[in-house]
Amino acid sequence: AQTVTQSQPEMSVQEAETVTLSCTYDTSESNYYLFWYKQPPSRQMILVIRQEAYKQQNATENRFSVNFQKAAKSFSLKISDSQLGDTAMYFCAFIRGSSNTGKLIFGQGTTLQVKP
Amino acid sequence: DVKVTQSSRYLVKRTGEKVFLECVQDMDHENMFWYRQDPGLGLRLIYFSYDVKMKEKGDIPEGYSVSREKKERFSLILESASTNQTSMYLCASSLPRPGGTEAFFGQGTRLTVV
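Protein chains in written order, with this note's numbering: chain A, 19 to 134; chain B, 175 to 288.
Check before you lean on any hint, since a few could be wrong.
Going by beta-carbon spacing under 10 Å, a handful of chain A positions derived as facing chain B [stated by the list, open to error]: (1) 24; (2) 34; (3) 37; (4) 43; (5) 62; (6) 65; (7) 82; (8) 86; (9) 114; (10) 119.
Because the hints were derived from the structure by calculation, they are not lab data. Just so we're clear, the structure is a prediction, and the values are computed from it rather than from any experiment. All residues carry an ideal CB built from backbone N, CA and C; glycine is no exception.
Taking the hints into account, I'd like the entire structure generated from these sequences.
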């Protein structure tokens, strides 16, 4: 069975600084996908970034980037130049590559507070 | 824009009531999901549907059932609500593509059972 673990329940960062959110996972699959989703207060959850396990290059989306360490089963999210709008709960998630069901396995979530 | 709409943002129900949570998506997605979100536990899958009238149990189906009579609508039913079902419920939809397909979420329904 696959599991996803986020060990930081809460984090805070000053506006314009950089913060890294941690995620580890466990799987015996060789082909899979990893995601970071963002849930702003009272707003819908949205996809932040996606990583395909067979790609060695770390995914990047504007100020968001990941550090994907496949051997260590680690998938951290780095937010550069943090903005007040980045305040949200962030979830790390996993999907088996062979699956077309779209069933996500989520971590516990990390609440990020960006302070002015 | 993809829209997944849940019928209620907040609900308060009494113990023993039958509760219906409704979800509608407008992107013709085959896959639809109901998740439950609890502090410290993240999101856990209750039920999944991959087509009209087709469903699969997720990780925590006990006390719940689902209905999907039309492709765009997926309903979660609490047969006899209990206080331990007080939670945030999230609906989501996605296309049936291998691996990294993006899921689109509704705004959530915060259910309180008293």
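How the hints compare with the structure:
no. : hint : verdict
1   : 24   : holds (8 Å)
2   : 34   : violated (29 Å)
3   : 37   : violated (20 Å)
4   : 43   : violated (13 Å)
5   : 62   : holds (5 Å)
6   : 65   : holds (5 Å)
7   : 82   : violated (15 Å)
8   : 86   : violated (13 Å)
9   : 114  : holds (7 Å)
10  : 119  : holds (6 Å)
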